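Peer 1: Given the coordinates of chain S, work out where chain Z should sit on it, guided by the hints.
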Amino acid sequence: MSATYIRTEAIEQAVAAARTLSRPLLIKGEPGTGKTELALDVARQAGLKLHQWHVKSTTRAQQGLYEYDAVSRLRDSQLGDERVKDISNYIVKGVLWEAFEADEPSVVLIDEIDKADIEFPNDLLQELDRMSFDVYETKQTISAKHRPLVIITSNNEKELPDAFLRRCFFHYIEFPDRETLERIVHVHQPNIKKDLLNAALTVFFDLRELPGLKKKPSTSEVLDWLKLLVADDIPAELLGAEDLRTVLPKMHGALLKNEQDVHLFERLVFLHRQRSRGK
Amino acid sequence: MLLDFFLSLRRANIPVTLPEHLSLLQAMAAGIGTGSLSNFYTIARVCLVKDESYYDRFDRTFGAYWEGRELQFDRLMDEVPDEWLTRQKNREFSDEEKAAIEALGGWDAIMETLAKRLDEQDEAHHGGSKWIGTGGTSPFGHSGYNPEGVRIGGKSQHRRATKVWHERRYKDLDSDLELGTRNFKMALRKLRKMAKSDRQDKLDLEHTIRSTAHKGGLLDIHMTGERRNAVKVLLLIDVGGSMDWYAQLTSQLFTAAKTEFGRLEQFYFHNFIYEGVWRSNSRRHTERVSIDELQRTYSRDHRLILVGDASMSPYEIMVAGGSVEHWNEEPGYVWAQRLLEAFPHCTWLNPEPEERWPYTQSIGMVQKLMDNRMHALSVAGIQAAIEELKKPRVASTWE
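From first to last, the protein sequence lines are chains S and Z. Numbered according to the numbering used here, the first sequence spans residues 1 to 279. Numbered according to the numbering used here, the second sequence spans residues 1 to 399.
Simulated from the structure, these hints should not be mistaken for lab results. Small disclaimer: the values here were computed from a predicted structure and weren't measured. Cβ atoms here follow ideal geometry from the backbone N, Cα and C, with glycine treated the same way. One or more hints might be untrue.
Stated by the list, open to error - Here are the simulated lysine-lysine pairs, DSS-like style, with alpha carbons at most 25 Å apart: (1) S/215 to Z/258; (2) S/115 to Z/258; (3) S/85 to Z/215; (4) S/227 to S/257; (5) S/158 to Z/232; (6) Z/258 to S/214; (7) Z/202 to S/158; (8) S/56 to S/216; (9) Z/258 to S/257; (10) Z/215 to S/139; (11) S/158 to Z/390; (12) S/56 to S/115; (13) S/93 to Z/215; (14) Z/258 to S/158; (15) Z/258 to S/216; (16) Z/202 to S/56.
Said to hold, decoys possible - Computed, partial: chain S to chain Z, Cβ under 7 Å: (17) 13; (18) 16; (19) 20; (20) 71; (21) 166; (22) 171; (23) 175.
If we strip away everything but chain Z, and leave its shape as in the complex, we get:
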């Protein structure tokens, strides 16, 4: 059963491994997290999730898996060997307590009172006071005694816990989330990684001295890698309409990372690539740079990054004269292909949420054109895009 839970986490693309599952079992064997589902939730998260960006996904998966299985969890805990549950032993009742239960009018009556009590306490809980775990004095708190396994303490705790994982407090930390100010910094960090080179060409003075001393005075030279800002970036951003906000954001993002690049050139386009792009939005009609000029001016080793929602009418891509702004002699895809040929290291960042992509025909077309190199404009997407840009592409003149 716990293994099923483990597998469901893996299905949710949370990187959990068997050793981590085993350490969860070890923790439970030591009596940690066996008391209730909410305890289990905390300890499972401590053992299995190693990055806060997975917290939200973990919460959702946990909720989906344990919803309706609370009793099974309790039973599971009943099945485990005694030494696992030393705490549970303490829950055994004295005869007086059993008598007290009888005094309340037998089981059915208790259940009724319990339901009422639960309601009351739930309200009290909303008020902010912490009543969970204090029920030890009430006869209800100990009902683990019942063979049916209805355990009030556990149940109520679970309620609170359900709230915890249903609150989805870690939503902002999910790296699949689209780019915003919150995860801007993370994205920047990823971007900076792109600029690292590991060629060993600098004398490591300290290491050389140390190692020379180590060898009793025989010269022993060591080299080290230097951080070089060798990456050149050509950034093409879609502007207009819904894209404006993202255009600004991406532009900021790359400008912030500018010192890390050897060169950063920024251009704009509208909806799709045609004959030319422009540098400044205010002079877009007067000062255009043609695609041919881009090809001539910038060498093949520039990383081309296109940013756009790729949501438009298919005609704008496929047909001559399809552009919404001017009469284009040649269809957009021809221009895009030229651009891709000129710059083999290329990726497309799309601010549209990835799950909506299949519903827009033009996104599929662009994705095909890009040879599946379109990624979401999220931290995870940027990372994937950077991996893409690092890969050597075709047998080109590249380095």
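Here chain S stands alone, though its shape is the one from the complex:
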């Protein structure tokens, strides 16, 4: 992705509040509206180091702090390795540890927190609140030298616990309106022809309005699509023209990710043709 990210005023304020009060900022929104991009952009704009923690369904909170590699210690003890005497040899630092330890302020991105177990956010409450944690194995306490700005994204797959929510600031990225979307497109595709952009966005917004779409195409999808359109140098007239069907397979894969939606789209294409024929 290119270097700029269009922030709305509301996002700006939410980020400012989170930074000033050093509270975690929770970002929700439709998939593809740029939740992760926002964190990358905040770090880039402020010139801060970004620590990313991508959460999976198997991720445990402890992994963000540190892990104790008991299995290799067991193996080393069988082999009579000297390292086995010092437990700290088997402590593996996690993302939060590294951020806490950093000599300058940083940004921590906890991506897709809802993927993890339902208890995951609760397990991080204290650590995010006090920005410090204990390492039981070595009886150390790690506290943040500079409280990092924590940005958390969620796709709403699981509900987050209230106690966790209370400690966060919250912002919901809504799908951009046409004007904002045009600005976003211009950042990514500065050379796009105006008539192509107009025609494409009309199709795109019609598509989003379609009732019954399984997965509405989002900002990231429209950007991919436009990239294809520009790369193939498809003229704007083709988007509403007779031979649309011949161009269709080349591009709709970027917008629509399942078969049923493709069928719906074909119907829309058909309607478009009818309409232009009626004119």
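Peer 2: Then chain Z, alone, in the frame of chain S:
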């Protein structure tokens, strides 16, 4: 005053807590969101609302509370300690600016011009250009200087902001909204939760190895819970007339969640429960399943979910022969009671908006019959219904 606002949010059933209110105050103390009501709106939402399904309710409450209190907000901001409002200090005028104000013909004239200017700019705003916050060069933009507290910049910004919370853009996200394609997925997720069991009966191999290694080779066994699809669901859907759309929707919803249930059986009825129900609408008159048969076939631990608008003539419930389709020997409520006795875990989902319930007599009657276990067919309603179904009911043979 801000506390009043906080309380009004709580009255609107938005789950805000004191720590969140305090963090809002902290943010304002740091100078965020004090500039104007629209800034305040954004920051208050960031601090207080933690779920987009409350955005719409927040917008409405915010609008209702601050309507007509814009000046009070400005005054409030004037009262707060200086360090809260470092930005406001910058608004103090130089002597030249004050002279410029005089040059425009004194206060009254300014107000008149201002009114005109505001009108013009409002139109320009509709055109889509963003003029707010650029007024710094105009003498009007700085009128915070006036002791009456009329602040043009603030006012106009507020106008824009009013529009924001009056637009009610987040209406679709309100979980109290009736079920539609938009929030179908959320409802499905809630439904899936019903199927979770937390019995610990599976060997956690990884944890066991880790923990055994941890203890230097002494075997330490750990168990874990397994996702089990143990829930059995008996779904009875009202069909006919206005219910058809909802019948289809509910049927889809439950079918989509089918893999999560141990068993899902679907039947239809019309308006109310009588002697029998049917499986297929096209053969409703030939292939009926009697309530007795339902009782015999399905065990007590089936969760019974009835879906219907419960809007009918009271006779259809209370009187023998009241059914609109056939002559029923026994009144509908007797059959309903039998069904409820047979399946103690029971709930009724009603697609009618909840606020209209009091106006339909039969809904009240069904609600009473159901022992208040009727919920709206919305995401929030489905959640409440599921909570209901999870609760242990009476001393029954249930598990």
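Peer 1: For every hint, state whether the structure bears it out.
Peer 2: Hint by hint, here is what the structure shows:
no., hint, verdict
1, S/215 to Z/258, "holds, 21 Å"
2, S/115 to Z/258, "holds, 22 Å"
3, S/85 to Z/215, "holds, 15 Å"
4, S/227 to S/257, "holds, 17 Å"
5, S/158 to Z/232, "holds, 23 Å"
6, Z/258 to S/214, "holds, 18 Å"
7, Z/202 to S/158, "holds, 24 Å"
8, S/56 to S/216, "holds, 24 Å"
9, Z/258 to S/257, "holds, 23 Å"
10, Z/215 to S/139, "holds, 18 Å"
11, S/158 to Z/390, "holds, 19 Å"
12, S/56 to S/115, "holds, 5 Å"
13, S/93 to Z/215, "holds, 22 Å"
14, Z/258 to S/158, "holds, 19 Å"
15, Z/258 to S/216, "holds, 24 Å"
16, Z/202 to S/56, "holds, 22 Å"
17, 13, "holds, 5 Å"
18, 16, "holds, 6 Å"
19, 20, "holds, 5 Å"
20, 71, "holds, 5 Å"
21, 166, "holds, 6 Å"
22, 171, "holds, 6 Å"
23, 175, "violated, 10 Å"
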